[in-house]
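Those protein sequences? They're chains A and B, same order as listed.
Going by my numbering, the first sequence opens with residue 1, and the numbers climb by one from there.
Going by my numbering, the second sequence opens with residue 1, and the numbers climb by one from there.
Simulated from the structure, these hints should not be mistaken for laboratory data.
Treat the hints with caution; some may be incorrect.
Which stretches of chain B does chain A cover? Using the computed rule of at least three CB atoms under 8 Å from a CB of chain A, they are [as the list claims (entries may be wrong)]:
{"#": "1", "segment": "46-54"}
{"#": "2", "segment": "120-129"}
{"#": "3", "segment": "144-154"}
The list that follows gives simulated cross-link-like pairs (lysine-lysine, DSBU-like), each with its CA atoms no further than 30 Å apart [stated by the list, open to error]:
{"#": "4", "chain 1": "A", "residue 1": "108", "chain 2": "B", "residue 2": "36"}
{"#": "5", "chain 1": "A", "residue 1": "108", "chain 2": "A", "residue 2": "298"}
{"#": "6", "chain 1": "B", "residue 1": "108", "chain 2": "B", "residue 2": "201"}
{"#": "7", "chain 1": "A", "residue 1": "36", "chain 2": "B", "residue 2": "108"}
{"#": "8", "chain 1": "A", "residue 1": "115", "chain 2": "B", "residue 2": "36"}
C-beta atoms are modelled at their ideal positions from N, C-alpha and C, and glycine is treated no differently.
As a plain string of letters, each chain reads:
Protein chains: 2
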Amino acid sequence: MIPTIPGREAILEAAIRIRPYIHRTPVLTCAAVNLKTDAELYFKCENFQKTGAFKARGATNAVLSLEKHELSNGIITHSSGNHAAALALAARYRHTPAYIIMPSNSSKVKIEAVKSYGGQITFCEPTLEAREETLKRVQARTAAIEIHPYNDYRIIAGQASAALELIEEYPGLDLIMAPVGGGGLLSGTALSVHYFAAGKKVIAAEPAEADDAYRSFYQHNFIPALNPQTIADGLRTSLGTLTFPIIREFVSEIITVDENGIVDAMRLIWERMKIIVEPSSAVPLAALLAHPDIFRGKKTGIILSGGNVDLSNLPW
Amino acid sequence: MIPTIPGREAILEAAIRIRPYIHRTPVLTCAAVNLKTDAELYFKCENFQKTGAFKARGATNAVLSLEKHELSNGIITHSSGNHAAALALAARYRHTPAYIIMPSNSSKVKIEAVKSYGGQITFCEPTLEAREETLKRVQARTAAIEIHPYNDYRIIAGQASAALELIEEYPGLDLIMAPVGGGGLLSGTALSVHYFAAGKKVIAAEPAEADDAYRSFYQHNFIPALNPQTIADGLRTSLGTLTFPIIREFVSEIITVDENGIVDAMRLIWERMKIIVEPSSAVPLAALLAHPDIFRGKKTGIILSGGNVDLSNLPW
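This is chain A alone, in the form it adopts within the complex:
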């Protein structure tokens, strides 16, 4: 395991390691959304990523980083869904079982995805405590090796590759936005911007209903989430002890948004960009729409984190 915050080389190595297994996702622009926001937006489409979310990057990097003998009893994790599917797929690349602990309120489409990649699911109550306890129980039985969804430097280095690609393609961006849940994507994004686009800003966006990152960031103290109920199901988790210090050092600002703002931004992306994103992906655009002054005229990269939604249960 990498023992320190991923450096420039660790991120480049991760990007090279996972390249054969992931998509280099497109960056889309939309004249109608630019007009509405009075900004110049570049959307990095991780909704088109393998398994439908950026999580394939980190999970693939972590699993490919393991030695063969470490994989003999399978891998295990807890996840509300996207990391679970990504890990199940990555485990398949290494021909080892994936044991997945999922909160019982995970979306149906995410549960189905995990099953389709051969993941073996155990459900639990939707609290961090229950997730960790259930994981320990299954791990005691299987001796599988844990791959945490975000509190793992190999995961962070993998997630960093999304912003790295965006920066390579658009070096002239003024700032980059990412949503924050556990902080894997955000900390990886912040590191890539620090190493490969020095001087550019990273602004995070978070649901006000799950604002542990916002409070931790501005109160300079780790404050865990307590079973938050936001529609952005990918962002209900607490920040990690490894992700928080990176975020504190390399992120400029965290903006919170209300639930209606998330749904409106999601619908705007669907209607005008003709792409499917899940609510978590819409959180940065919601922040931008709520605070246009910060972004006016700025070349802003936005990482669309995923596209796994239950089409039979849309929020409008």
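Starting from the structure of chain A, add chain B where the hints point.
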């Protein structure tokens, strides 16, 4: 007006003429859909086109082809929606009014789009007769010049540019599929394949509930549609007298699909490709799913015609 079937040069000229005004849309692939169909599919994403549909190509070509004096009283058309929006936008480029006759059962999102581009709408009964009568009435008042949605060689030449781009990017395709309504897209596609990918096949797909093209094609005789009720709202129109002869000569086959097949194919595209397409766009994939033997192992281009759907009124 171009008096004969568009030749190779007319299509190349149209492509060059409209290039500054339209998107060169991406071609997407999807491992999951390939696996399900046992074919190799290349989706030309006209759902990402300006105004959300391929119609921007033909309408822009037609309007840009007009002399200034021809535009002094505006332009007029009848359309269930996508041509209407495309023509309204093209009229704006030439600073002339667009009078749009729309059937009363046009989808709300398409009506809103026409309004947003400044089109002046007159509603009518959803029959070809009513559309043509209403058009004549408004034209008598305005003296606007008519741009028919598909029965116009300038339109056909413009629509042909979508397949031209697809062929340029993927010259190794075995066949290309397009949906057929009035036949503008299909006849343009067939001409581009004839000129620029000689020997490759064009297979059309049509809703069984609006199968006038299928019946006309196989009975060698023009048979008009009689107020068909398919969910594929872009394909409810009758073939044109100019499009039918081209289709008869240059299209290999027309396959009809039932309504459930269209909805299933549409949902498959949404779920696995994470892009928004309207029902008409899903008709070729529905045909492919219903007749896998024809397409097994074939490199098949599919033109996704548009992405304008009412998100509050989905068919599942």
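Here's how the hints hold up against the structure:
With 3 residues having a beta carbon nearer than 8 Å to a beta carbon of chain A, the segment 46-54 of chain B meets the requirement of three or more and the stated coverage holds. Requiring three or more residues with a Cβ within less than 8 Å of a Cβ of chain A, the coverage given for the segment 120-129 of chain B is violated, as only 0 such residues are present. Check result for the segment 144-154 of chain B against chain A: violated, 0 residues qualifying (beta carbon to beta carbon below 8 Å, three or more required). Taking the CA atoms of residue 108 of chain A and residue 36 of chain B, the gap is near 21 Å; set against the 30 Å cutoff, the hint holds.
Note on residue 108 of chain A and residue 298 of chain A: the hinted pairing is violated, with a Cα-Cα distance of about 38 Å set against a maximum of 30 Å. A C-alpha spacing of about 36 Å is found between residue 108 of chain B and residue 201 of chain B, which places the hinted pair above 30 Å, so the restraint is violated. A C-alpha spacing of about 21 Å is found between residue 36 of chain A and residue 108 of chain B, which places the hinted pair at or below 30 Å, so the restraint holds. Of the pairs offered as hints, the one joining residue 115 of chain A and residue 36 of chain B holds, with about 17 Å between alpha carbons and a cut-off of 30 Å not exceeded.
When held up to the earlier numbered hints, the structure conflicts with 2, 3, 5, 6 and fits the remainder.
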